[in-house]
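S.K.: Sequence:
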Amino acid sequence: MEAEGQGLSGLHRVFSRRAIARRWLVQFPRAVPLAIFVLILAGTILTCFAIERVERQSELAQLRERAGAITSALERRANANASYLRAGAALFATLDDVPATRFRRFVSELRLDADYRGAEGIGWAQRVDRNGIDAFNRQVSAEYGEGLRLHPVLSPSQPFAAPVTYLEPDTERNHRALGYDMYSEPVRRAAMTEAERTARPTASGKVVLVQEGGGNAPGFLIYMPVFASTDQGVRLKGYVYSAFNAGDFLSSALTLVPSDDLAIALFDEAPNESSLLARYGPATSSNKPVRETVMVADHRWVLEVSRAQGVPLSRLSLAILLAGIAVASLLTLLTFILSRQAQEDGARLSWYEEQNSIRDSLTRELNHRVKNTLANVLSIIALTKRQAGSLEEFSEGLEGRIRALSATHDLLTRSEWGTTPLNSVIEAEISPYSQDCSSQITLEGPDIELAPNDALSLGLAIHELATNAAKYGALKTAEGKLSITWAMMGNQHVKLEWVERGGPPVSANLTRGFGLDLIEKTVAHELDNPVDLRFDPEGVRCTLVVPVRKPHTFNLRRRV
1 MEAEGQGLSG LHRVFSRRAI ARRWLVQFPR AVPLAIFVLI LAGTILTCFA
51 IERVERQSEL AQLRERAGAI TSALERRANA NASYLRAGAA LFATLDDVPA
101 TRFRRFVSEL RLDADYRGAE GIGWAQRVDR NGIDAFNRQV SAEYGEGLRL
151 HPVLSPSQPF AAPVTYLEPD TERNHRALGY DMYSEPVRRA AMTEAERTAR
201 PTASGKVVLV QEGGGNAPGF LIYMPVFAST DQGVRLKGYV YSAFNAGDFL
251 SSALTLVPSD DLAIALFDEA PNESSLLARY GPATSSNKPV RETVMVADHR
301 WVLEVSRAQG VPLSRLSLAI LLAGIAVASL LTLLTFILSR QAQEDGARLS
351 WYEEQNSIRD SLTRELNHRV KNTLANVLSI IALTKRQAGS LEEFSEGLEG
401 RIRALSATHD LLTRSEWGTT PLNSVIEAEI SPYSQDCSSQ ITLEGPDIEL
451 APNDALSLGL AIHELATNAA KYGALKTAEG KLSITWAMMG NQHVKLEWVE
501 RGGPPVSANL TRGFGLDLIE KTVAHELDNP VDLRFDPEGV RCTLVVPVRK
551 PHTFNLRRRV
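For the sequence shown, the working numbering assigns the number 1 to the initial residue and increments by one for each residue that follows.
A couple of the hints might just be wrong.
Stated by the list, open to error - Each computed SDA-like pair below joins lysine to any residue, with the alpha-carbon atoms no more than 20 Å apart:
| hint | residue 1 | residue 2 |
| --- | --- | --- |
| 1 | 481 | 492 |
| 2 | 206 | 247 |
| 3 | 550 | 528 |
| 4 | 288 | 299 |
| 5 | 471 | 395 |
| 6 | 288 | 63 |
| 7 | 206 | 272 |
| 8 | 471 | 490 |
| 9 | 550 | 446 |
| 10 | 495 | 477 |
| 11 | 288 | 271 |
| 12 | 481 | 528 |
| 13 | 471 | 502 |
| 14 | 471 | 486 |
| 15 | 471 | 427 |
Unchecked claim - Label pairs and their computed distance ranges (CB to CB):
| hint | residue 1 | residue 2 | range |
| --- | --- | --- | --- |
| 16 | 65 | 135 | 53 to 61 Å |
| 17 | 90 | 275 | 44 to 52 Å |
| 18 | 105 | 288 | 30 to 38 Å |
| 19 | 108 | 275 | 51 to 59 Å |
| 20 | 65 | 34 | 23 to 31 Å |
| 21 | 258 | 95 | 39 to 47 Å |
No lab work stands behind these hints, which were simulated from the structure alone.
No residue lacks a Cβ here, since even glycine has one placed at the ideal position from N, Cα and C.
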């Protein structure tokens, strides 16, 4: 029994939850599907965000790894060049002079391999004091036969010059640099001074090589000082150096590292456009770059590496997003269909309940109205019998009054026992007489709708008045006139006036008949208002006050 009770309790909870869900679907047919779509889509977006975060971290780690490889390649090439420069400095320090043949032999014996790619060559810049300028000019002119001279002219504050004396390989491009005093330019001079101080290979900052011939391609140089021992001590003899085009230097390092999908930028000390040395790939990238410090001959560079083309979403995130949208759309559609079905089921149940209520109300109303109608018929029979002098008179009076009741019933049936136009009730009751006396009858008044019971009572009154007018009043002669007018009294009553003129004179000794009793008692009672009926000598005058009820007080069904 206890297990059975628990099972019933579980079923009750299940049905309760279903009822709650159904109620939500019915009450919020659009909000529930939209909320489901938004929740699923939000969960999908959060999932994609988490995946993208992991993907970005993984991509960042890969970029750092590749940036490190590029940094290593750049430093390795710079260190290899520095080693050649150290070897040259050690050799030239042992010589009293550095002739061109000996310098070229040194460069050829280096057997420079692929690690030296990206450099313009190896050069020698001897120290030239102010009193040795003429001798230098004669030396380079004799060597190259081109009338070369040291340039630019030494400034008064410059202690000595360091012009390009030799530069291998001997190409037309490198000839542009011969005789140029590198010590006259501040960036080169700073590097040469630092190299002299540390006695180590030192790289310059961003410069434009003289070999560019007026171009603006950035480059740099690495200087190694050469010292000579004298009786006065150690003296600077000159510099063995290498010149580099920064773009070529970067490209030569990238041959060892896969970089087709990368955007790479190399800066001198600080990452900004003014210090840009070289760029590989697109100039702009939407991805956050990875920065690495590159030390080239004791000089600091900054390397920036990023993806050349950023992908908005990874394949996994895109697949999850599309799947989430598809699932959210399907569930939203399913929920919408269920909401529509729940609404239709609820509307159907409401309609069935309404129909049952209407059926019960109709049954009660039918019983009530049948009883009222039978009561009216019995009253009519009783009053007609009391006033009739013969069987024929009884039959004629009863038939006319039943027909009047039937005519009004026909109007109410056509209106489904709803509101009935007042003028239609009047026209139905006087129609037997209006065919022959249409010119004698005047109807005038606004369109007014009457409740069913009020229309029945008014119909009986109009029938009695019309019958009396045809027998004794204005409709008996061709000269008689009948005026029926009505107008609203406030918002809840209509005043109807029946006025006969031009007919036979009304007798002062009028016998009270059934019609008078019917109008003054039965009709007045049904309409809840007194009837003013006067038999003036010039004709009958009757004033009726009929209530105008609101439809909700008597309608059984609301019209949609």
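S.K.: Okay, which hints does this one fail, numbers in order?
M.R.: Failing hints, ascending: 1, 4, 8, 10, 12, 14, 17, 18, 19, 20.
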